[in-house]
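There are 2 protein chains.
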Amino acid sequence: MRISQLAAATEIPVATIKYYLREKLLHEGVLTSATQARYDDSHVRRLKLIRALIGTAGLSISATRQVLLGLENPPESGHDLLGIAHHAVTRTAPDDVDLSPAQRLLDRWGWGAETCDRDTQAALVDALHGLSDAGFDAPAALLDRYAAAMRDIAAADVESVPTDSAEAAMRHVVLGTLLMEPVLLAMRRLAQQSASFQRFGEAES
Amino acid sequence: MRISQLAAATEIPVATIKYYLREKLLHEGVLTSATQARYDDSHVRRLKLIRALIGTAGLSISATRQVLLGLENPPESGHDLLGIAHHAVTRTAPDDVDLSPAQRLLDRWGWGAETCDRDTQAALVDALHGLSDAGFDAPAALLDRYAAAMRDIAAADVESVPTDSAEAAMRHVVLGTLLMEPVLLAMRRLAQQSASFQRFGEAES
DNA sequence: TTGACTTGGATAGTCGCACTCGCCAATATT
DNA sequence: AATATTGGCGAGTGCGACTATCCAAGTCAA
Numbered sequence: 062m063r064i065s066q067l068a069a070a071t072e073i074p075v076a077t078i079k080y081y082l083r084e085k086l087l088h089e090g091v092l093t094s095a096t097q098a099r100y101d102d103s104h105v106r107r108l109k110l111i112r113a114l115i116g117t118a119g120l121s122i123s124a125t126r127q128v129l130l131g132l133e134n135p136p137e138s139g140h141d142l143l144g145i146a147h148h149a150v151t152r153t154a155p156d157d158v159d160l161s162p163a164q165r166l167l168d169r170w171g172w173g174a175e176t177c178d179r180d181t182q183a184a185l186v187d188a189l190h191g192l193s194d195a196g197f198d199a200p201a202a203l204l205d206r207y208a209a210a211m212r213d214i215a216a217a218d219v220e221s222v223p224t225d226s227a228e229a230a231m232r233h234v235v236l237g238t239l240l241m242e243p244v245l246l247a248m249r250r251l252a253q254q255s256a257s258f259q260r261f262g263e264a265e266s
Numbered sequence: 062m063r064i065s066q067l068a069a070a071t072e073i074p075v076a077t078i079k080y081y082l083r084e085k086l087l088h089e090g091v092l093t094s095a096t097q098a099r100y101d102d103s104h105v106r107r108l109k110l111i112r113a114l115i116g117t118a119g120l121s122i123s124a125t126r127q128v129l130l131g132l133e134n135p136p137e138s139g140h141d142l143l144g145i146a147h148h149a150v151t152r153t154a155p156d157d158v159d160l161s162p163a164q165r166l167l168d169r170w171g172w173g174a175e176t177c178d179r180d181t182q183a184a185l186v187d188a189l190h191g192l193s194d195a196g197f198d199a200p201a202a203l204l205d206r207y208a209a210a211m212r213d214i215a216a217a218d219v220e221s222v223p224t225d226s227a228e229a230a231m232r233h234v235v236l237g238t239l240l241m242e243p244v245l246l247a248m249r250r251l252a253q254q255s256a257s258f259q260r261f262g263e264a265e266s
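Protein chains in written order, with the working numbering: chain H, 62 to 266; chain V, 62 to 266.
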């Protein structure tokens, strides 16, 4: 398969494929001469994955590269799988952030603050900050309900990881974490619409 | 308060405040002369809100403008409040998308497909497409668990809407929807880390 | 074999977005 | 009066993700 056919098969412009090659998101084809290379199914699959990560999950080029690198070099520890996915979507926190608001919550929920990633905790603190800056005070009871729901989801996530192959586990964890986020957000919105209709909407329109 | 003091109070550069004024995100101050205007607390609060929407919720300038416009002109119907928030984070779908995958799910979950927004359904379809393009098949049982969790969350969202003032309800719905998303995602990641540690991590490091 | 087409590789250009800068005449402040 | 600040506005910047153009080398149909 040559590059123009690869482009046709994936509906991605040739120029963009060349760009992904330059950026090392896509592995090179087999050179058959100085100006000719062959591509195969692995390139098609990889391109679909790249587009899902960039388009659906909203990752940047460099975050995508990190994720793909991680997928190719699976870490030993099962627990580190998550790190690859989480690191891709979490900006690194400065040294001087105050994590205590997050840690109070983690303690209350029994999530073991010491086992949780610093940057992820900082992301929670940041997000809560955004809320209060906007003048929105989230009652503790509401956060507790959210936390309970998220614990269910995380339990489902972890339970559904296949144990047979490290390769499969890797893919599952990373993709399930990153690509499921938009699914979950869309679900929440639909559930809100459904609930809101039952509560407010029956009467009108 | 003049613009430089407003800038100092919010830690936003004067040039940026001027930009927000141009973009109609921030209402004008009271002109005291041709080259002088006064600002007050309402401007400080508004700027914090703007930064939360742009920074924390990740909205674009124009989406932020829509949201702020909506906050100032509350719709009659309680059910339309959500529309403002959801429209800001959901790109409009082309006419020819096939919503049936979403509708099958909505039916199964009893969420009343006909009461749900087209664009939001399309967002779900898109997100699911991303998953399968990446070669990740989400078992129906897993999606069902996610849906149950999201129904809990949406129920909490809807129940916590204050009923006393339309103004307050408006703020609550819009901000609770938009600014809570990053909170929920951070919670999920932390819950995953906690669950993953209990499942895989006990032994090592 | 020959002439039109394609390719890999590299460089440069585009586009949208969110700012950021510079300037100026008209005030304010001291 | 001297100095600093402001509103308003046009232009510039930096970044990220492409997109376009070239060219020499190679391929393919006739």
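In case anyone wonders, no lab produced these hints; they're calculated from the structure. Computed from a prediction, not measured in an experiment: that's the story for all the values here. Be a bit skeptical, because a hint or two may be false.
Stated by the list, open to error - Pairwise CB distance ranges (calculated): (1) H:Glu-228 to V:Ser-226: 49 to 57 angstroms; (2) H:Ser-161 to V:Asn-134: 33 to 41 angstroms; (3) H:Glu-72 to V:Ala-209: 34 to 42 angstroms; (4) V:Glu-175 to H:Asn-134: 45 to 53 angstroms; (5) V:Ala-229 to H:Ser-161: 38 to 46 angstroms; (6) V:Lys-85 to H:Asp-157: 30 to 38 angstroms; (7) H:Thr-224 to V:Arg-165: 24 to 32 angstroms.
Said to hold, decoys possible - Rough simulated footprint, nothing fancy, chain V against chain H, three-plus residues with beta-carbon under 8 angstroms: (8) 80-87; (9) 215-223; (10) 226-232.
Each residue gets a CB set at the ideal place from its N, CA and C atoms; glycine is no exception.
Hint by hint, where does the structure go against what was stated? Just the numbers, ascending.
Hints 5, 8 and 10 are the ones this structure does not satisfy, whereas the remaining hints hold.
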